[in-house]
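Take the sequence shown: its position 145, counted from the start at 1, is 145 in this note's numbering, and no numbers get skipped.
Since the hints were derived computationally from the structure, they do not count as laboratory data. Careful, some of the hints might be misleading.
Claimed, not checked - In silico EDC-like pairs for lysine to aspartate or glutamate, Cα to Cα no more than 16 Å straight-line:
| id | residue 1 | residue 2 |
| --- | --- | --- |
| 1 | K381 | D405 |
| 2 | K422 | D399 |
| 3 | K65 | D98 |
| 4 | K71 | E91 |
| 5 | K71 | E121 |
| 6 | K41 | E79 |
| 7 | K422 | E401 |
| 8 | K65 | E91 |
| 9 | K71 | E114 |
| 10 | K381 | D331 |
| 11 | K459 | D447 |
| 12 | K381 | E401 |
| 13 | K65 | E143 |
To be verified - Here are the simulated distance ranges between beta carbons:
| id | residue 1 | residue 2 | range |
| --- | --- | --- | --- |
| 14 | K41 | T469 | 57 to 65 Å |
| 15 | E114 | T296 | 42 to 50 Å |
| 16 | A36 | P307 | 33 to 41 Å |
| 17 | P175 | A289 | 43 to 51 Å |
By construction, the Cβ of each residue, glycine as well, lies at the ideal position given by its N, Cα and C atoms.
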Amino acid sequence: MPKKIGLRSGQECHLVSPQDNPSNNLAAVMVLAAGAGTRMKSRTPKILHPVGGISMVGHALAAAKGLNPAKLAVVVRHERDLVAAHIAELEPQALLVDQDDIPGTGRAVQQALEVLDAQGELAGTVVVTYGDVPLLSTGLLAELVAVHTADANAVTVLTAVLEDAAGYGRILRDPTDNTVLGIREHKDASDAERQIREVNSGIYAFDAAVLRTALRSVTTENNQGEMYLTDVLALARHDGGRVAAVTTTDQWQVEGANDRVQLAALGAEHNRRVVEGWMRAGVSVIDPATTWIDSTVELAPDVTILPGTQLHGTTTVASDAVVGPDSTLTDVHIGAGAHVLRTHGSGAVIGEGAQVGPFTYLRPGTVLGADGKIGAFYETKNVTIGRGSKLSHLGYAGDAEIGEDSNIGCGNITANYDGENKHRTVIGSGVRTGSNTVFVAPVTVGDGAFTGAGAIVRKDVPAGALTLTVAPQRNAEGWTEANRPGSVSAQAAAAATTSH
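With the hints as constraints, model all of the structure from the sequences given.
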(Lines of atoms letter the chains of each structure in order from A and count residues from 1; the text may use other names and numbers.)
(Lines give C-alpha, C1' and ligand atoms only; values in the text may rest on other atoms or scores of the structure.)
Protein backbone atom coordinates (compact mmCIF):
# COMPACT_ATOMS: atom_id res chain seq x y z
CA MET A 1 0.00 0.00 0.00
CA PRO A 2 1.25 3.52 -0.67
CA LYS A 3 2.53 5.45 2.27
CA LYS A 4 0.99 8.90 2.55
CA ILE A 5 3.34 11.66 3.63
CA GLY A 6 1.73 14.88 4.79
CA LEU A 7 3.75 17.93 3.77
CA ARG A 8 3.17 21.05 5.83
CA SER A 9 3.17 23.05 2.63
CA GLY A 10 -0.39 21.84 2.20
CA GLN A 11 0.71 19.33 -0.41
CA GLU A 12 0.68 15.58 -0.25
CA CYS A 13 2.76 12.95 -1.97
CA HIS A 14 2.53 9.19 -2.09
CA LEU A 15 5.51 6.88 -1.81
CA VAL A 16 5.15 3.22 -2.53
CA SER A 17 6.19 0.84 0.18
CA PRO A 18 9.64 -0.78 0.12
CA GLN A 19 8.46 -4.12 -1.22
CA ASP A 20 7.01 -2.65 -4.42
CA ASN A 21 9.00 0.56 -4.56
CA PRO A 22 10.95 1.03 -7.79
CA SER A 23 13.41 3.06 -5.72
CA ASN A 24 14.30 0.14 -3.45
CA ASN A 25 17.13 -0.27 -5.95
CA LEU A 26 18.43 2.96 -4.44
CA ALA A 27 22.05 2.19 -3.67
CA ALA A 28 22.97 5.52 -2.13
CA VAL A 29 22.19 9.17 -1.65
CA MET A 30 25.10 11.62 -1.66
CA VAL A 31 24.60 15.01 -0.02
CA LEU A 32 27.25 17.50 -1.14
CA ALA A 33 28.05 19.83 1.77
CA ALA A 34 31.68 20.88 1.28
CA GLY A 35 31.25 24.49 0.13
CA ALA A 36 32.69 27.43 2.06
CA GLY A 37 29.65 29.68 1.55
CA THR A 38 31.79 32.81 1.59
CA ARG A 39 28.92 35.03 0.45
CA MET A 40 27.17 34.36 3.74
CA LYS A 41 29.94 36.40 5.42
CA SER A 42 29.47 34.31 8.53
CA ARG A 43 31.56 32.42 11.06
CA THR A 44 28.87 29.74 10.85
CA PRO A 45 29.21 27.32 7.92
CA LYS A 46 26.54 28.03 5.33
CA ILE A 47 24.77 24.70 5.61
CA LEU A 48 24.39 25.08 9.38
CA HIS A 49 22.29 28.23 9.06
CA PRO A 50 18.71 27.42 10.10
CA VAL A 51 15.51 27.53 8.11
CA GLY A 52 12.35 26.94 10.13
CA GLY A 53 14.28 25.83 13.19
CA ILE A 54 16.37 23.20 11.38
CA SER A 55 19.76 23.65 9.72
CA MET A 56 19.77 23.61 5.93
CA VAL A 57 21.76 20.41 5.94
CA GLY A 58 19.28 18.98 8.45
CA HIS A 59 16.49 19.53 5.93
CA ALA A 60 18.64 17.94 3.21
CA LEU A 61 19.39 14.88 5.33
CA ALA A 62 15.72 14.43 6.21
CA ALA A 63 14.70 14.54 2.54
CA ALA A 64 17.44 12.06 1.64
CA LYS A 65 16.73 9.69 4.51
CA GLY A 66 13.06 9.64 3.54
CA LEU A 67 14.04 7.67 0.43
CA ASN A 68 15.37 4.87 2.65
CA PRO A 69 18.62 4.46 0.69
CA ALA A 70 20.96 1.58 1.37
CA LYS A 71 23.72 4.11 2.10
CA LEU A 72 23.82 7.82 2.90
CA ALA A 73 27.03 9.79 2.36
CA VAL A 74 27.77 13.45 3.09
CA VAL A 75 30.75 15.17 1.46
CA VAL A 76 32.38 17.76 3.74
CA ARG A 77 35.35 20.14 3.65
CA HIS A 78 34.85 23.71 4.93
CA GLU A 79 34.78 23.83 8.75
CA ARG A 80 34.94 20.07 8.55
CA ASP A 81 34.91 19.23 12.26
CA LEU A 82 32.02 21.55 13.09
CA VAL A 83 29.93 20.28 10.19
CA ALA A 84 30.81 16.65 10.93
CA ALA A 85 29.74 16.97 14.57
CA HIS A 86 26.41 18.46 13.53
CA ILE A 87 25.76 15.73 10.97
CA ALA A 88 26.70 13.01 13.45
CA GLU A 89 24.15 14.41 15.87
CA LEU A 90 21.40 14.51 13.24
CA GLU A 91 22.17 11.28 11.42
CA PRO A 92 24.76 9.04 13.10
CA GLN A 93 24.59 6.45 10.31
CA ALA A 94 25.63 8.90 7.61
CA LEU A 95 29.06 8.25 6.11
CA LEU A 96 31.30 11.33 6.05
CA VAL A 97 33.53 11.84 3.02
CA ASP A 98 36.30 14.46 2.93
CA GLN A 99 36.73 16.31 -0.34
CA ASP A 100 40.33 17.00 -1.36
CA ASP A 101 41.86 20.05 -3.06
CA ILE A 102 40.53 19.25 -6.52
CA PRO A 103 37.53 21.56 -6.97
CA GLY A 104 34.11 20.76 -8.36
CA THR A 105 31.03 18.69 -7.76
CA GLY A 106 32.35 15.97 -10.03
CA ARG A 107 35.31 15.47 -7.72
CA ALA A 108 33.09 15.46 -4.64
CA VAL A 109 30.89 12.73 -6.11
CA GLN A 110 33.91 10.78 -7.34
CA GLN A 111 35.40 10.69 -3.86
CA ALA A 112 32.09 9.71 -2.29
CA LEU A 113 31.71 6.91 -4.81
CA GLU A 114 35.23 5.65 -4.07
CA VAL A 115 34.54 5.55 -0.32
CA LEU A 116 31.19 3.80 -0.82
CA ASP A 117 32.63 1.35 -3.34
CA ALA A 118 35.30 0.41 -0.82
CA GLN A 119 32.52 -1.08 1.29
CA GLY A 120 31.21 -3.06 -1.68
CA GLU A 121 30.80 -1.80 -5.22
CA LEU A 122 27.54 0.06 -5.65
CA ALA A 123 24.98 -1.20 -8.12
CA GLY A 124 21.67 0.51 -8.87
CA THR A 125 20.64 4.12 -8.50
CA VAL A 126 22.72 6.86 -6.88
CA VAL A 127 21.04 10.18 -6.04
CA VAL A 128 23.09 13.35 -5.68
CA THR A 129 21.69 16.33 -3.82
CA TYR A 130 22.98 19.27 -1.76
CA GLY A 131 23.17 20.53 1.79
CA ASP A 132 21.76 23.98 1.01
CA VAL A 133 18.39 23.20 -0.60
CA PRO A 134 16.16 23.21 2.49
CA LEU A 135 12.79 23.08 0.74
CA LEU A 136 13.57 19.97 -1.28
CA SER A 137 11.13 17.22 -0.29
CA THR A 138 11.39 13.46 -0.16
CA GLY A 139 8.37 13.39 -2.47
CA LEU A 140 10.14 15.21 -5.28
CA LEU A 141 13.25 13.06 -4.88
CA ALA A 142 11.06 9.96 -4.98
CA GLU A 143 9.51 11.16 -8.23
CA LEU A 144 12.98 11.65 -9.70
CA VAL A 145 14.05 8.14 -8.69
CA ALA A 146 10.79 6.57 -9.90
CA VAL A 147 11.10 8.13 -13.38
CA HIS A 148 14.78 7.25 -13.56
CA THR A 149 14.08 3.61 -12.70
CA ALA A 150 10.93 3.17 -14.79
CA ASP A 151 12.58 4.57 -17.93
CA ALA A 152 15.88 2.76 -17.36
CA ASN A 153 17.78 6.02 -17.70
CA ALA A 154 21.52 6.31 -17.39
CA VAL A 155 21.06 9.75 -15.83
CA THR A 156 17.97 11.71 -14.82
CA VAL A 157 18.35 15.35 -13.88
CA LEU A 158 15.91 17.46 -11.92
CA THR A 159 15.24 20.74 -13.73
CA ALA A 160 13.15 23.89 -13.38
CA VAL A 161 12.07 26.63 -15.77
CA LEU A 162 12.97 30.12 -14.56
CA GLU A 163 12.08 33.58 -15.79
CA ASP A 164 15.64 34.67 -15.06
CA ALA A 165 18.08 31.83 -15.61
CA ALA A 166 21.26 33.90 -15.21
CA GLY A 167 23.98 32.02 -13.37
CA TYR A 168 22.42 28.57 -13.83
CA GLY A 169 23.56 25.71 -16.04
CA ARG A 170 21.29 25.39 -19.07
CA ILE A 171 19.62 22.15 -20.17
CA LEU A 172 20.47 21.22 -23.76
CA ARG A 173 17.82 18.98 -25.34
CA ASP A 174 17.75 16.82 -28.47
CA PRO A 175 15.17 18.43 -30.81
CA THR A 176 14.12 15.02 -32.12
CA ASP A 177 13.16 13.17 -28.93
CA ASN A 178 13.51 15.88 -26.26
CA THR A 179 16.01 13.85 -24.26
CA VAL A 180 18.86 15.69 -22.58
CA LEU A 181 22.03 16.21 -24.63
CA GLY A 182 23.93 17.79 -21.77
CA ILE A 183 24.25 20.80 -19.48
CA ARG A 184 26.15 23.95 -20.29
CA GLU A 185 27.39 25.98 -17.33
CA HIS A 186 26.46 29.66 -17.57
CA LYS A 187 30.05 30.88 -17.88
CA ASP A 188 30.73 28.40 -20.67
CA ALA A 189 27.43 28.97 -22.52
CA SER A 190 27.06 30.74 -25.86
CA ASP A 191 24.74 33.71 -26.25
CA ALA A 192 22.13 31.43 -27.83
CA GLU A 193 22.41 28.87 -25.03
CA ARG A 194 21.97 31.61 -22.44
CA GLN A 195 18.50 32.23 -23.86
CA ILE A 196 17.41 28.79 -22.59
CA ARG A 197 15.24 29.10 -19.46
CA GLU A 198 15.26 25.45 -18.38
CA VAL A 199 18.02 25.12 -15.80
CA ASN A 200 19.89 22.44 -13.95
CA SER A 201 19.04 22.06 -10.27
CA GLY A 202 22.21 20.07 -9.68
CA ILE A 203 20.14 17.18 -8.34
CA TYR A 204 20.47 13.86 -10.19
CA ALA A 205 19.71 10.18 -10.24
CA PHE A 206 22.55 8.16 -11.80
CA ASP A 207 23.06 4.56 -12.67
CA ALA A 208 26.01 3.70 -10.44
CA ALA A 209 27.99 1.92 -13.16
CA VAL A 210 27.45 4.77 -15.63
CA LEU A 211 28.52 7.32 -13.01
CA ARG A 212 31.64 5.35 -12.11
CA THR A 213 32.75 5.03 -15.73
CA ALA A 214 31.98 8.60 -16.77
CA LEU A 215 33.78 10.20 -13.83
CA ARG A 216 37.03 8.66 -15.01
CA SER A 217 36.79 10.87 -18.10
CA VAL A 218 35.77 14.12 -16.42
CA THR A 219 38.55 16.73 -16.45
CA THR A 220 39.09 20.26 -15.13
CA GLU A 221 39.51 21.72 -18.62
CA ASN A 222 36.92 24.49 -18.44
CA ASN A 223 36.69 28.17 -17.54
CA GLN A 224 36.40 27.39 -13.83
CA GLY A 225 39.10 24.76 -13.65
CA GLU A 226 36.68 22.40 -11.89
CA MET A 227 35.52 18.82 -12.31
CA TYR A 228 31.95 19.41 -13.46
CA LEU A 229 29.48 16.73 -12.50
CA THR A 230 27.40 18.02 -15.42
CA ASP A 231 29.95 16.53 -17.83
CA VAL A 232 28.71 13.06 -16.85
CA LEU A 233 25.47 13.62 -18.79
CA ALA A 234 27.14 14.14 -22.16
CA LEU A 235 29.58 11.28 -21.50
CA ALA A 236 26.74 8.92 -20.57
CA ARG A 237 24.83 9.86 -23.71
CA HIS A 238 27.95 9.40 -25.85
CA ASP A 239 28.21 5.86 -24.49
CA GLY A 240 24.63 5.12 -25.54
CA GLY A 241 22.84 5.79 -22.27
CA ARG A 242 19.51 7.56 -22.08
CA VAL A 243 19.63 10.93 -20.34
CA ALA A 244 16.32 12.51 -19.33
CA ALA A 245 14.89 15.17 -17.06
CA VAL A 246 12.14 15.55 -14.49
CA THR A 247 10.96 19.16 -14.46
CA THR A 248 9.42 20.57 -11.32
CA THR A 249 7.02 23.49 -11.37
CA ASP A 250 7.89 24.21 -7.75
CA GLN A 251 11.19 26.00 -8.18
CA TRP A 252 11.50 26.71 -4.44
CA GLN A 253 12.30 23.04 -3.90
CA VAL A 254 15.52 23.38 -5.87
CA GLU A 255 16.54 26.84 -4.64
CA GLY A 256 19.75 27.06 -2.65
CA ALA A 257 20.95 29.80 -0.30
CA ASN A 258 24.27 31.42 -1.15
CA ASP A 259 23.85 34.59 0.89
CA ARG A 260 21.67 36.01 3.65
CA VAL A 261 19.21 37.52 1.22
CA GLN A 262 18.49 34.13 -0.34
CA LEU A 263 18.42 32.53 3.11
CA ALA A 264 15.75 34.97 4.25
CA ALA A 265 13.70 34.36 1.10
CA LEU A 266 13.86 30.60 1.61
CA GLY A 267 12.96 31.02 5.27
CA ALA A 268 9.93 33.12 4.41
CA GLU A 269 8.73 30.64 1.79
CA HIS A 270 9.31 27.71 4.12
CA ASN A 271 7.31 29.46 6.83
CA ARG A 272 4.51 30.28 4.40
CA ARG A 273 4.22 26.59 3.55
CA VAL A 274 4.33 25.49 7.17
CA VAL A 275 1.66 28.01 8.21
CA GLU A 276 -0.54 27.12 5.25
CA GLY A 277 -0.17 23.44 6.06
CA TRP A 278 -1.33 23.97 9.63
CA MET A 279 -4.30 26.04 8.49
CA ARG A 280 -5.34 23.24 6.14
CA ALA A 281 -5.00 20.87 9.11
CA GLY A 282 -7.55 22.85 11.14
CA VAL A 283 -5.51 25.56 12.88
CA SER A 284 -6.77 29.15 12.76
CA VAL A 285 -3.93 31.54 11.94
CA ILE A 286 -5.38 35.04 12.02
CA ASP A 287 -2.45 36.75 10.30
CA PRO A 288 -0.15 34.34 8.43
CA ALA A 289 2.16 37.21 7.44
CA THR A 290 3.21 37.84 11.06
CA THR A 291 3.14 34.24 12.28
CA TRP A 292 6.29 32.09 12.31
CA ILE A 293 6.18 28.38 13.08
CA ASP A 294 9.20 26.06 13.11
CA SER A 295 9.14 22.71 11.32
CA THR A 296 9.39 20.95 14.68
CA VAL A 297 6.29 22.52 16.25
CA GLU A 298 3.12 20.44 16.68
CA LEU A 299 -0.38 21.98 16.69
CA ALA A 300 -3.77 20.36 17.25
CA PRO A 301 -6.95 21.16 15.32
CA ASP A 302 -8.91 24.17 16.60
CA VAL A 303 -5.84 25.95 17.94
CA THR A 304 -5.97 29.71 17.32
CA ILE A 305 -2.78 31.66 16.62
CA LEU A 306 -3.11 35.44 16.89
CA PRO A 307 -0.89 37.98 15.05
CA GLY A 308 2.76 38.49 15.89
CA THR A 309 3.31 34.98 17.28
CA GLN A 310 6.47 32.89 16.91
CA LEU A 311 6.49 29.20 17.85
CA HIS A 312 9.90 27.54 17.96
CA GLY A 313 11.62 24.30 18.84
CA THR A 314 9.53 21.46 20.24
CA THR A 315 6.57 23.66 21.16
CA THR A 316 3.22 21.86 21.19
CA VAL A 317 -0.23 23.39 21.43
CA ALA A 318 -3.34 21.33 22.26
CA SER A 319 -6.83 21.86 20.87
CA ASP A 320 -8.84 25.02 21.63
CA ALA A 321 -5.80 26.84 23.01
CA VAL A 322 -5.24 30.45 21.96
CA VAL A 323 -1.71 31.80 21.57
CA GLY A 324 -0.90 35.47 20.99
CA PRO A 325 -0.90 38.13 19.97
CA ASP A 326 2.77 39.05 20.19
CA SER A 327 4.07 35.88 21.84
CA THR A 328 7.39 34.09 21.31
CA LEU A 329 7.53 30.54 22.68
CA THR A 330 10.36 28.02 22.44
CA ASP A 331 9.98 24.43 23.67
CA VAL A 332 6.74 25.34 25.45
CA HIS A 333 3.91 22.82 25.85
CA ILE A 334 0.40 24.29 26.05
CA GLY A 335 -2.62 22.35 27.22
CA ALA A 336 -6.11 22.30 25.75
CA GLY A 337 -8.10 25.49 26.12
CA ALA A 338 -5.23 27.51 27.58
CA HIS A 339 -4.75 31.19 26.68
CA VAL A 340 -1.24 32.62 26.30
CA LEU A 341 -1.20 36.38 25.68
CA ARG A 342 1.84 38.59 24.94
CA THR A 343 4.26 36.16 26.53
CA HIS A 344 7.92 35.29 26.04
CA GLY A 345 8.67 31.78 27.20
CA SER A 346 10.98 28.79 26.90
CA GLY A 347 11.09 25.34 28.43
CA ALA A 348 7.71 25.73 30.12
CA VAL A 349 4.53 23.67 30.52
CA ILE A 350 1.10 25.35 30.60
CA GLY A 351 -1.81 23.24 31.79
CA GLU A 352 -5.31 22.85 30.40
CA GLY A 353 -7.46 25.94 30.73
CA ALA A 354 -4.63 27.99 32.21
CA GLN A 355 -4.06 31.67 31.48
CA VAL A 356 -0.74 33.41 30.93
CA GLY A 357 -0.04 37.08 30.26
CA PRO A 358 0.05 39.76 29.19
CA PHE A 359 3.72 40.74 29.37
CA THR A 360 4.82 37.55 31.07
CA TYR A 361 8.26 35.93 31.02
CA LEU A 362 8.30 32.15 31.44
CA ARG A 363 11.79 30.78 31.99
CA PRO A 364 12.79 27.10 31.81
CA GLY A 365 11.30 24.80 34.41
CA THR A 366 8.01 26.68 34.75
CA VAL A 367 5.08 24.28 35.13
CA LEU A 368 1.62 25.85 35.44
CA GLY A 369 -1.18 23.51 36.45
CA ALA A 370 -4.63 23.25 34.91
CA ASP A 371 -6.84 26.33 35.32
CA GLY A 372 -3.96 28.24 36.88
CA LYS A 373 -2.81 31.76 36.04
CA ILE A 374 0.44 33.66 35.63
CA GLY A 375 -0.56 37.23 34.94
CA ALA A 376 0.79 40.59 33.86
CA PHE A 377 4.44 41.48 34.39
CA TYR A 378 5.35 38.22 36.05
CA GLU A 379 8.59 36.26 35.71
CA THR A 380 8.83 32.59 36.62
CA LYS A 381 11.70 30.12 36.63
CA ASN A 382 11.99 26.53 37.84
CA VAL A 383 8.62 26.69 39.57
CA THR A 384 5.74 24.22 39.79
CA ILE A 385 2.30 25.81 40.25
CA GLY A 386 -0.60 23.58 41.20
CA ARG A 387 -4.08 23.38 39.71
CA GLY A 388 -6.12 26.53 40.07
CA SER A 389 -3.39 28.61 41.68
CA LYS A 390 -2.94 32.20 40.55
CA LEU A 391 0.05 34.52 40.35
CA SER A 392 -1.81 37.44 38.88
CA HIS A 393 0.51 40.41 38.59
CA LEU A 394 3.85 42.08 39.22
CA GLY A 395 6.01 39.40 40.76
CA TYR A 396 8.75 36.81 40.54
CA ALA A 397 8.58 33.13 41.41
CA GLY A 398 11.79 31.13 41.10
CA ASP A 399 12.96 27.81 42.53
CA ALA A 400 9.57 27.30 44.12
CA GLU A 401 6.66 24.92 44.51
CA ILE A 402 3.12 26.24 44.93
CA GLY A 403 0.21 23.97 45.76
CA GLU A 404 -3.36 23.99 44.45
CA ASP A 405 -5.91 26.82 44.67
CA SER A 406 -3.48 29.30 46.19
CA ASN A 407 -3.58 33.03 45.42
CA ILE A 408 -0.25 34.83 45.37
CA GLY A 409 -0.78 38.54 45.82
CA CYS A 410 0.46 41.49 43.78
CA GLY A 411 4.17 42.22 44.03
CA ASN A 412 5.14 38.92 45.70
CA ILE A 413 8.63 37.54 45.11
CA THR A 414 10.62 34.51 46.13
CA ALA A 415 14.07 35.68 47.26
CA ASN A 416 15.81 32.50 46.15
CA TYR A 417 19.44 33.60 45.78
CA ASP A 418 21.76 34.44 48.68
CA GLY A 419 24.60 35.60 46.48
CA GLU A 420 26.17 32.16 46.18
CA ASN A 421 23.44 29.51 46.18
CA LYS A 422 19.83 29.11 45.09
CA HIS A 423 17.25 28.03 47.68
CA ARG A 424 13.73 26.71 47.37
CA THR A 425 10.39 28.10 48.53
CA VAL A 426 7.47 25.74 49.16
CA ILE A 427 3.98 27.24 49.40
CA GLY A 428 1.08 24.92 50.17
CA SER A 429 -2.48 24.69 48.87
CA GLY A 430 -5.24 27.17 49.67
CA VAL A 431 -2.71 29.84 50.67
CA ARG A 432 -3.53 33.56 50.41
CA THR A 433 -0.67 36.04 50.40
CA GLY A 434 -0.92 39.81 50.80
CA SER A 435 0.59 42.34 48.41
CA ASN A 436 4.39 42.74 48.43
CA THR A 437 5.11 39.61 50.42
CA VAL A 438 8.73 38.45 50.16
CA PHE A 439 9.58 34.78 50.78
CA VAL A 440 13.23 34.53 51.86
CA ALA A 441 14.21 31.01 50.86
CA PRO A 442 14.58 28.37 52.05
CA VAL A 443 11.15 28.63 53.59
CA THR A 444 7.92 26.62 53.72
CA VAL A 445 4.37 28.00 54.00
CA GLY A 446 1.76 25.50 55.16
CA ASP A 447 -1.65 24.84 53.62
CA GLY A 448 -4.32 27.44 54.24
CA ALA A 449 -1.88 30.04 55.59
CA PHE A 450 -2.24 33.81 55.06
CA THR A 451 0.34 36.60 54.90
CA GLY A 452 -0.31 40.27 55.45
CA ALA A 453 0.66 43.04 53.04
CA GLY A 454 4.37 43.74 53.09
CA ALA A 455 5.23 40.58 55.03
CA ILE A 456 8.81 39.33 54.89
CA VAL A 457 8.65 35.59 55.48
CA ARG A 458 11.98 34.35 56.86
CA LYS A 459 10.69 31.41 58.91
CA ASP A 460 8.42 28.50 58.09
CA VAL A 461 4.70 29.29 58.42
CA PRO A 462 2.44 26.62 59.99
CA ALA A 463 -0.72 25.52 58.19
CA GLY A 464 -3.59 27.93 58.80
CA ALA A 465 -1.41 30.64 60.36
CA LEU A 466 -1.37 34.37 59.59
CA THR A 467 2.06 35.89 59.14
CA LEU A 468 2.58 39.63 59.61
CA THR A 469 5.62 41.85 59.54
CA VAL A 470 4.54 44.89 61.58
CA ALA A 471 6.52 48.00 62.45
CA PRO A 472 4.97 51.04 64.20
CA GLN A 473 4.03 53.81 61.82
CA ARG A 474 5.60 57.18 62.66
CA ASN A 475 4.32 60.46 61.19
CA ALA A 476 6.70 63.45 61.23
CA GLU A 477 4.19 66.25 60.96
CA GLY A 478 5.28 69.42 59.12
CA TRP A 479 8.20 67.65 57.48
CA THR A 480 7.37 68.71 53.89
CA GLU A 481 7.13 72.44 54.59
CA ALA A 482 10.27 72.30 56.72
CA ASN A 483 12.39 70.26 54.30
CA ARG A 484 10.97 71.20 50.90
CA PRO A 485 10.06 74.85 51.26
CA GLY A 486 8.54 76.46 48.20
CA SER A 487 7.93 73.13 46.44
CA VAL A 488 4.62 72.15 44.90
CA SER A 489 4.23 69.59 47.69
CA ALA A 490 4.91 72.19 50.36
CA GLN A 491 2.38 74.57 48.84
CA ALA A 492 -0.24 71.80 48.70
CA ALA A 493 0.47 70.85 52.30
CA ALA A 494 0.21 74.47 53.46
CA ALA A 495 -3.09 74.92 51.65
CA ALA A 496 -4.48 71.75 53.18
CA THR A 497 -3.37 72.83 56.66
CA THR A 498 -4.90 76.29 56.22
CA SER A 499 -8.20 74.88 55.00
CA HIS A 500 -8.49 72.87 58.16
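These are the hints, each one checked on the structure:
1. This hinted pair does not check out: K381 and D405 have alpha carbons roughly 20 Å apart, beyond 16 Å.
2. Between K422 and D399 the CA atoms are separated by roughly 7 Å; this keeps the pair inside 16 Å, and the hint holds.
3. For the suggested pair K65 and D98, the alpha carbons sit about 20 Å apart, so the restraint of at most 16 Å is broken.
4. The straight-line distance between the Cα atoms of K71 and E91 is roughly 12 Å, inside the 16 Å bound, and the hint therefore holds.
5. Only pairs whose Cα atoms come within 16 Å are accepted, and K71 paired with E121 is accepted, the gap being roughly 12 Å.
6. Taking the CA atoms of K41 and E79, the gap is near 14 Å; set against the 16 Å cutoff, the hint holds.
7. Of the pairs offered as hints, the one joining K422 and E401 holds, with about 14 Å between alpha carbons and a cut-off of 16 Å not exceeded.
8. For a cut-off of 16 Å, the pair hint linking K65 to E91 stands: about 9 Å separates their Cα positions.
9. A threshold of 16 Å between alpha carbons decides the hint, and for K71 with E114 the separation of about 13 Å falls inside it, so the pair holds.
10. Taken as a hint, the K381 and D331 pair is honoured in the structure, with Cα atoms around 14 Å apart against an allowance of 16 Å.
11. Restraint check for K459 and D447: satisfied, since their Cα atoms lie roughly 15 Å apart, inside the 16 Å limit.
12. Restraint check for K381 and E401: satisfied, since their Cα atoms lie roughly 11 Å apart, inside the 16 Å limit.
13. Only pairs whose Cα atoms come within 16 Å are accepted, and K65 paired with E143 is accepted, the gap being roughly 15 Å.
14. As the Cβ distance of K41 to T469 is approximately 58 Å, the hint placing it in 57 to 65 Å holds.
15. Distance hint check for E114 and T296: the Cβ-Cβ separation is about 36 Å, which falls outside the suggested range of 42 to 50 Å.
16. With their beta carbons about 39 Å apart, A36 and P307 fall inside the hinted range of 33 to 41 Å.
17. Taking 43 to 51 Å as the suggested C-beta distance range, the pair P175 and A289 conforms, at roughly 45 Å.
In this structure, the earlier hints numbered 1, 3 and 15 are contradicted, and the remaining ones agree with it.
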